Amino acid sequence: MNKPAAAFCRLKQKPANLPGLFAVFKAALGREWRMQVRRRGDLVNPLVFFALVVVLFPLGISPTEDILAPVAPGVLWVAALLATLMSLDALFRPDLLDGSLEQQLVTGYPLAPLALAKLGVHWLLSSLPLILLSPFLGIMLYLPWEAQGVMMLALLLGSLALSLVGAIGAALTAGVGKSGVLMTLLVLPFYIPVLIFGTGAMQAAISGGSAMAHLSLLGALAALAITLAPWAIAAGLKIAVSGE
Amino acid sequence: MWKWLKTLYHRLGSPKWFYQITGSWLPWFAGAAVVFLGVGLVWGLAFAPADYQQGNSFRIIYIHVPAAFLAQSVYIMMAVAGVVLLVWKMKMADVVAQSLAPFGATMTFLALLTGAIWGVPTWGTWWMWDARLTSMLILFFLYLGVIALREALQPQEVAAKACALLAIVGVINIPIIKYSVDWWYTLHQPATFTLTEKPAMPASMWVPLLIMLLGFYALLGWSVILRARAEVLKREYKAGWVKELLQRK
Chain B
1 MNKPAAAFCR LKQKPANLPG LFAVFKAALG REWRMQVRRR GDLVNPLVFF ALVVVLFPLG
61 ISPTEDILAP VAPGVLWVAA LLATLMSLDA LFRPDLLDGS LEQQLVTGYP LAPLALAKLG
121 VHWLLSSLPL ILLSPFLGIM LYLPWEAQGV MMLALLLGSL ALSLVGAIGA ALTAGVGKSG
181 VLMTLLVLPF YIPVLIFGTG AMQAAISGGS AMAHLSLLGA LAALAITLAP WAIAAGLKIA
241 VSGE
Chain W
1 MWKWLKTLYH RLGSPKWFYQ ITGSWLPWFA GAAVVFLGVG LVWGLAFAPA DYQQGNSFRI
61 IYIHVPAAFL AQSVYIMMAV AGVVLLVWKM KMADVVAQSL APFGATMTFL ALLTGAIWGV
121 PTWGTWWMWD ARLTSMLILF FLYLGVIALR EALQPQEVAA KACALLAIVG VINIPIIKYS
181 VDWWYTLHQP ATFTLTEKPA MPASMWVPLL IMLLGFYALL GWSVILRARA EVLKREYKAG
241 WVKELLQRK
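Top to bottom, those sequences are chains B and W.
Using UniProt numbering, the first residue of the first sequence is number 1, and each one after it goes up by one.
Using UniProt numbering, the first residue of the second sequence is number 1, and each one after it goes up by one.
Take these hints with a grain of salt, some might be off.
[What the hints assert, rightly or not] Below are the DSS-like pairs computed for lysine-lysine, each with C-alpha atoms no more than 30 Å apart in a straight line:
| hint | chain 1 | residue 1 | chain 2 | residue 2 |
| --- | --- | --- | --- | --- |
| 1 | W | 16 | W | 238 |
| 2 | W | 16 | W | 243 |
| 3 | W | 238 | W | 91 |
| 4 | W | 89 | B | 238 |
| 5 | W | 234 | W | 91 |
| 6 | W | 16 | W | 3 |
| 7 | W | 89 | W | 234 |
| 8 | B | 178 | B | 238 |
| 9 | B | 238 | W | 238 |
| 10 | W | 234 | W | 6 |
| 11 | W | 178 | W | 243 |
| 12 | W | 234 | W | 178 |
| 13 | W | 89 | W | 238 |
| 14 | W | 91 | B | 238 |
| 15 | W | 6 | W | 89 |
| 16 | B | 178 | W | 89 |
| 17 | B | 178 | W | 3 |
| 18 | B | 178 | W | 91 |
| 19 | W | 234 | B | 238 |
| 20 | W | 16 | W | 91 |
| 21 | W | 234 | W | 16 |
In short, the hints are calculated from the structure, not lab data.
On a predicted model such as this, the values are computed, not experimentally measured, just so you know.
Let's have the full structure, built from the sequences with the hints guiding it.
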């Protein structure tokens, strides 16, 4: 007989000889790494998008330092939000279409750690390059030097929350053919706190204050997202699979 | 009493029972809405004393405050309906959630619109990036997101579950968004205008406000039941009792 707890988190009872959850998590990490490294376009395009959006602002507003420098934190963060959203769009759809998501669902292992493995690799391959690219774009927007380090640290913490929260939207819209605009509509309102604290940290650094308060809040958001979002992602993926 | 409520809850879970039970509720909700809104509007707009600072322009709160109140509570109701759907698999919860979303979006829009109209004589501008206005605008986008997600997903059960999940995620996030926006406002705009802290209103001002609030809730009940009944007929059009109903008329 299934115990209620077992019935809640897995579809069938796990036989004793199967590998433990940690081994499966490691295997999932390896699989995601191989899969995502091979989709080079999906990795590079969001970065190009990030740079392009930033380049549009001097053209649209003014190329002078005294106008660009004050808006630089906001421009960089908005561009980073949108680039993260773009990179998340095709996160689950290939797995849903080729049936591997359904296979993961029937393995009997909880889906949340597997989704977390996917997002960890995705963060490493698309958010980390974005963070490394950001100082160069910061220089182009006349961002003061003292804000560069804070920006990278804020992006490091903020992008964790962005990836995980955005993945909820990606999971919910995985079954929709062209979900770009829909996902933006679903996810962007949830990105607002990260945007506020991220730009707040940079503005605190520019004005010579301490950015610790904002960075701590970003860290709190990231911690909250890491603990809660995988379960929502897993629930969203189950819904998406049931719709196929 | 408790047992009666439990039976009622289970009966409302069946589309057929829901349709039959709520039919007799409709005139009550409609009547209450008409009476409360009528009394509240006439009292608030004509007889309540004018504000000593804002004059007559304050009277828009008799629409603005109930609308803003409902805008927030309807989202929470939607999330509660989502929990009921996901936990107890009660399909009627989704019908109610679907009926709630457009009403909530309308109320949010009404609150924003009346706020903008009130802003012209009071602040001298249609829009200010005030923390409350901003978080209301974000709430409006959250509603639009739920509605858009339902439109986009195809099998109805999938759309129902996805919307329920999104509403629950939204409810967890709303306080975070609200506090971050509050903080952003205090950081970016050091108090040029503040919504004056709620003055202790005399009873002649807040009693009509309370009546308006009750009227809005009655309107909510009426609108949701009306929409839900139509949706039940649409979803159950293959069921025998719906065919019978349609043939009788």
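Taking the hints in turn, this is what the structure says about them:
no., hint, verdict
1, W:16 - W:238, "holds, 12 Å"
2, W:16 - W:243, "holds, 12 Å"
3, W:238 - W:91, "holds, 16 Å"
4, W:89 - B:238, "holds, 15 Å"
5, W:234 - W:91, "holds, 14 Å"
6, W:16 - W:3, "holds, 21 Å"
7, W:89 - W:234, "holds, 19 Å"
8, B:178 - B:238, "holds, 19 Å"
9, B:238 - W:238, "holds, 28 Å"
10, W:234 - W:6, "holds, 27 Å"
11, W:178 - W:243, "violated, 48 Å"
12, W:234 - W:178, "violated, 37 Å"
13, W:89 - W:238, "holds, 21 Å"
14, W:91 - B:238, "holds, 18 Å"
15, W:6 - W:89, "holds, 16 Å"
16, B:178 - W:89, "holds, 29 Å"
17, B:178 - W:3, "violated, 48 Å"
18, B:178 - W:91, "holds, 28 Å"
19, W:234 - B:238, "holds, 27 Å"
20, W:16 - W:91, "holds, 12 Å"
21, W:234 - W:16, "holds, 12 Å"
When each numbered hint is compared with the structure, violations occur for hints 11, 12, 17.
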